[in-house]
Amino acid sequence: MRFSHRGTKDSREPWFGVRRDLSAKRSSILSLVSFALPLAIWAGVSYLPFLWHPDIRLQISADREDVATVYIAGDRVSKGFFPQITSAVRDQNASIEAQWKSDDPLGGSTESAVRRSNKKILRHLAPVLISNGVIDEGQSKDDAAIYRAWKDIAEGTLDLDSPELAGENITIVQQNWKSMRSVSETYDSDNSISRPLLSLIPQGKSANPDYLPSPDQVVAAGVKIFTQPPEGDRPSMLQRVGHSMRIVFGGFFLAALIGVPVGVLCGTYSFFSKLVEPFTDFFRYMPAPTFSTLLVAIFLANDAPKIALVFVGTFFQLVLVVSNTTRRLDLPLLEAAQTLGANQMQLLMRVVIPGILPNLYNDLRILLGWAWTWLVIAELIGVKSGLTEFIETQGRFRNFDMVYPVIILIGLIGFFTDQILALLRGVVFPYTDEGSAASANPVIKALLFLPRWFKDAAEQRLPHLPDKSTHPTRA
Amino acid sequence: MKPSLPDAIDYREQSPEVQERFSRLKERPVVLSVEGLGKTFPTPGGEVTALKGVDFEVFRREFMCVIGPSGCGKSTLIRILAGLETESGGQVLLDGNPVAGPGPDRGMVFQSYTLFPWLTVKQNVMFGPKMEGKSGSSVEGEARQWIDLVGLSQFENSYPHQLSGGMKQRVAIARALANRPRILLMDEPFGALDAQTRAQMQSYLLQIWRNLDITILFITHDLDEAVFLADRILVLKANPGEVDEIIEVPVPRPRRLDQSIEPEFIATKHRINQLIHPESEGKEDTLPFARMTVEGDDVE
Ligand SMILES: Nc1ncnc2c1ncn2[C@@H]1O[C@H](COP(=O)(O)OP(=O)(O)OP(=O)(O)O)[C@@H](O)[C@H]1O
Ligand SMILES: [Mg+2]
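Respectively, the protein sequence lines represent chains A and B. Reminder that position 130 of the first sequence reads as 130 in the numbering used here, one-by-one numbering, no gaps. Reminder that position 170 of the second sequence reads as 170 in the numbering used here, one-by-one numbering, no gaps.
Chain A extracted, bound-state conformation (with noise of 0.2 Å):
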């Protein structure tokens, strides 16, 4: 029993009653909150920094000798474990600097292995030089370049502020200079020095996860993946869309074709439901995907054995709602239809078949449903193909934020066919409550406006209809 709230002012309805319906303004403020809630949730975690980055984001990277991890710039270390790089690169930096007052400057290394370490220190510099717009992205090897940069920051002239170098490395900058000043003012590849240099201690900025990308960064990417022309001859995402929603519907429409008239022969003649539902109650146990080797098998390669995993996946299920649905067919309407005269073939299709179709019409759209949750499964069988194999390959290389556009467009695509099945249905069942709701839906007005007016134009391209009005009507 629900309680009518017509004709009473919206404010002074409480905001929860049991069982009371709420006006349809405060129903579609909630139905906004309700995506607006998870999205400001995400933004606030993304953006407010106080909220939960576990980890830093590394700007200037952490590589030490001795150490085989390495750090590089854009690398997310835990908050708790940055500390003790950046003292270890102290710590190193302390021991280089008693080398140089020791009678071995060198540290027991040769002179090579020290140049080549200190061509990496000052490759170290460059993400930083790159984010300031100082260098190109394509610079970071470029020795020349960031040898300027040393010395342009070291005697003042260059400032940086995205990010700004923490005092220390300025500090670190300057002592290095002095030692390659004596050397070379400019890069010379061939009198590189050989003088051990201090590391940059490692700088970052705190940061979530990397399976955590913000917002801004899920809607660059997936404006990225959309635009972007695809590698070689690898499929453009539109192409992937498109091959994902063929397993999808392929196998459901598969499953519906053969298990909705199984469904109905089931639910309306025991003998059928004897014959064929207990089977099918033990099979829908043995999940879908443990069939994947064998259906590889079967059907090979391509997207025959991922139509038919889905297809298993719905299949069963579709038969025993189906059969289900049937069978809640209100018994009294077909009493009724057999003293109308009604044999046993009118029975099943004159009124089995149009009494279940509403619901009918629902089980499909749950079981659509249900086939979508097969999709991963399916394209992971055999040649990985589709949406799936984007996301797979994007997440190996932990690209994250390439993965998130396609796990939403998966969900808005399947969204937005229920929402509009749902919409169609009183459309196509005027019969229905939701019938007569339909008609009042301005969606459903405009959509059942289209058809009414190519009618109306076609009709009057006509040279002239006789107007049914004007028919002799019964007395």
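Where hints are given, some of them may not hold.
[Claimed, not checked] If you want a taste of the chain B side facing chain A, the calculated C-beta under 8 Å gives, among others:
id, residue
1, V99
2, S164
3, G165
4, G166
[What the hints assert, rightly or not] Taking beta-carbon pairs under 7 Å as the criterion, some of the chain A residues facing chain B (in silico):
id, residue
5, A297
6, L329
7, P332
8, T339
Calculated directly from the structure, the hints in this document are not laboratory data. Note that CB positions come from ideal geometry on N, CA and C, so glycine has one too.
Since the structure of chain A is provided, determine the placement of chain B with the ligands on it from the hints.
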């Protein structure tokens, strides 16, 4: 509703006109004849005897009501007549021929709404004729007439969910009549309607019955309804369902609502009440209530 008027008359007393009507009625051919009808249902707790040795006849153009306590087998009886249930014993003859299975010669109106929701009013009424293989256009005109007859011509293109309960049952009647059945079987068709709609439907039904060649067997549990509508009332008793008495209603026709206070009407009702609730005869229905109000604060 306990008629105990001082001048109460015997329900078996009939005025000469009523006597004359009944003798004419009984000269008519028998449409439906039920002979020794029995029905047992197998249940986990043993067999349930719903009907036992039911014998009666219905004459052509008779209006017969069946009344009885709840669970006495009224629905079972009418479902056997409609062919929706098979009898365990005895037989049912329609125009002298044994009945087997449902058929368009016996129209049925159910208590629950059984219009096909996916068909409009007109399509619902055309359903029966179409099952005989007649084409839509040939039966459409006739369907309109039946819809006119129940006064719903404005609604011929409406769907059932747009109709009120009373309108739905009127369409159900039109739909059953469209098959031109020999007998119309009605199982508490107005049971779900409010009192006013119900009274209106009763007078509609009498008008339809008067103007058509149709025999009606009508189940009800409402005494007033039975007496108002019926020529004869078949009273069933429960456990097992057996014919208690077949009462000839002494109220003259045409029936009017104000007849319900006339002595023969009341006497008939009184008799049925006696049959259905023999134990309550002369007793007040009292609840075992202790006083829960303050002394002196009385309402009676
Ligand atoms: N399918 C069935 N299986 C078992 N018992 C049944 C079945 N149908 C009816 N009965 C029993 O038969 C008896 C008569 O039932 P029926 O529905 O005919 O009564 P009724 O007179 O129509 O009652 P009501 O006035 O409540 O409609 C009841 O005792 C009922 O329990
Ligand atoms: Mg009943």
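Should the interface hint for V99 (chain B) be scored as holding, given a Cβ-Cβ cut-off of 8 Å against chain A? Check failed: Cβ of V99 (chain B) comes no nearer than 12 Å to chain A, outside 8 Å.
Against chain B, with CB atoms and a cut of 7 Å, does the hint on T339 (chain A) hold up? 4 Å, holds
Interface hint for P332 (chain A), Cβ within 7 Å of any Cβ on chain B: Constraint on P332 (chain A) satisfied, holds at 5 Å.
Chain A contact restraint for S164 (chain B) - C-beta distance below 8 Å: 15 Å, violated
Mind checking the CB of A297 (chain A) against every CB in chain B and telling me if the closest is under 7 Å? Result: violated, 46 Å to nearest chain B Cβ.
So, as I understand it, the hint says L329 (chain A) touches chain B; can you test that by seeing if any CB pair is closer than 7 Å? With Cβ-Cβ at 11 Å, over 7 Å, it is violated.
The hint names G166 (chain B) as touching chain A; please verify it with the least Cβ-Cβ distance against 8 Å. 18 Å, violated
Quick check on G165 (chain B) please, does its C-beta sit within 8 Å of some C-beta on chain A? 15 Å, violated
Comparing the model with each numbered hint stated earlier shows that hints 1, 2, 3, 4, 5, 6 do not hold.
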